[in-house]
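Peer 1: Chains as they are written, first to last, in our numbering: chain A, 1 to 114; chain B, 1 to 116.
Among these hints, one or two may not hold up.
Claimed, not checked - In silico EDC-like pairs for lysine to aspartate or glutamate, Cα to Cα no more than 20 Å straight-line: (1) K70(B) <-> D55(B); (2) K3(B) <-> E53(A); (3) K26(A) <-> E44(B).
Source of the hints: derived by calculation from the structure; they are not laboratory data.
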Amino acid sequence: DAGVTQSPTHLIKTRGQQVTLRCSPKSGHDTVSWYQQALGQGPQFIFQYYEEEERQRGNFPDRFSGHQFPNYSSELNVNALLLGDSALYLCASSPGQGPGQPQHFGDGTRLSIL
Amino acid sequence: AQKVTQAQTEISVVEKEDVTLDCVYETRDTTYYLFWYKQPPSGELVFLIRRNSFDEQNEISGRYSWNFQKSTSSFNFTITASQVVDSAVYFCALSPYNTNAGKSTFGDGTTLTVKP
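Pulled out of the complex, with its shape left as it was, chain B reads as follows (with noise of 0.2 Å):
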């Protein structure tokens, strides 16, 4: 059975601060995908970033990167310099490699608040 902890239920932040997201995961497959999405009041989730197990290269995108390190089944979440619009809950989540990333399996996400 595959599990997504995020132990951060909420993190408060000012504008302009740096923020890690954790998320550590439970899989007895060897290749997978993990994705962080983004959902606003809306509802609606918003990929972010996805990386497959074969690569542990950490990689920086804008203002967002990660830290995908398979030793401790970690896949941390960075914001540098955090905006007001970038207050939302973010889930990681888990697939298995070899289907339709459908059947993912979410944490219970990480409510964010930048505060101006």
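This is chain A alone, in the form it adopts within the complex (with noise of 0.2 Å):
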């Protein structure tokens, strides 16, 4: 039973650049939430998917984009990257928009920006 993966692992961009993180979630979730993590702190909440639309997004810009595959499967666009979105996101994965579901986290994506 594969869990949460992501890709790529380590990515190198320059500030303006855009980037595509992707993610598959868990077998039989459908609820994917984003996250990024910078160094030293705790996950921040980017946004979550279900059913292929934005349910649900934190306080970043709209910069930070996404989208849902009707597999589930998820990516996660950053534009005119800075300095400051130098972190590690995570992609967690539940089943359903039922409350309190445990999160199933990937390894995450390391992207540093130079």
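Hints are included, so try docking the two chains, each in its own frame, into the full complex.
Peer 2: Encoded structure:
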């Protein structure tokens, strides 16, 4: 039973570029959430997708956008990259929209902006 | 707005010692969920325990136990007889009761080092 998988593992970009990160949820899960984790801090919620729609969003600018595909996989897109976007980006999945569902996390994508 | 505070940035113990990780939260919601996650060096957060705000009964699960006190907005986590494999960053998280817990608010974590 495959868990949450993310790609790529590491990524280096320069300021102003655009990046796409990918996530496949755990088998049986249809809800995907994205988090940004800066060094030494806890994860910060970016947004959540369910039924191919953005359902909830945290305090992140419109430069951060996403998509969910019919197979429940998801992408996170970040435009006009800033140095401050350097972080570990975590994808988490859960079954359905019910409250209190523990999140299952992937290993993350380490994004470095030069 | 919700907030989670983990005042202990780093804790170091010797194997077999008991260790308690503190978590204090702020929320205007009357109902909510609280979680503890573990993040080993690989980066993947692993779910450990969950508690809803209705249930203040404290429980023990193996070497883990937790103390939830709604009156003081605290949700502390204890590892009994710690082991080297317990070394990791531990996060406390809070989510609203009426939404998917994906929109969770995390503390900044406590780094636990267990020395042999």
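Peer 1: Run every hint past the structure and note whether it holds.
Peer 2: Results for each hint:
1. A threshold of 20 Å between alpha carbons decides the hint, and for K70(B) with D55(B) the separation of about 9 Å falls inside it, so the pair holds.
2. As the CA atoms of K3(B) and E53(A) are separated by approximately 27 Å, the hinted pair breaks the 20 Å bound.
3. With a CA separation close to 13 Å, the supplied pair K26(A) and E44(B) stays within the 20 Å bound.
Hint compliance for this structure: hint 2 alone is broken.
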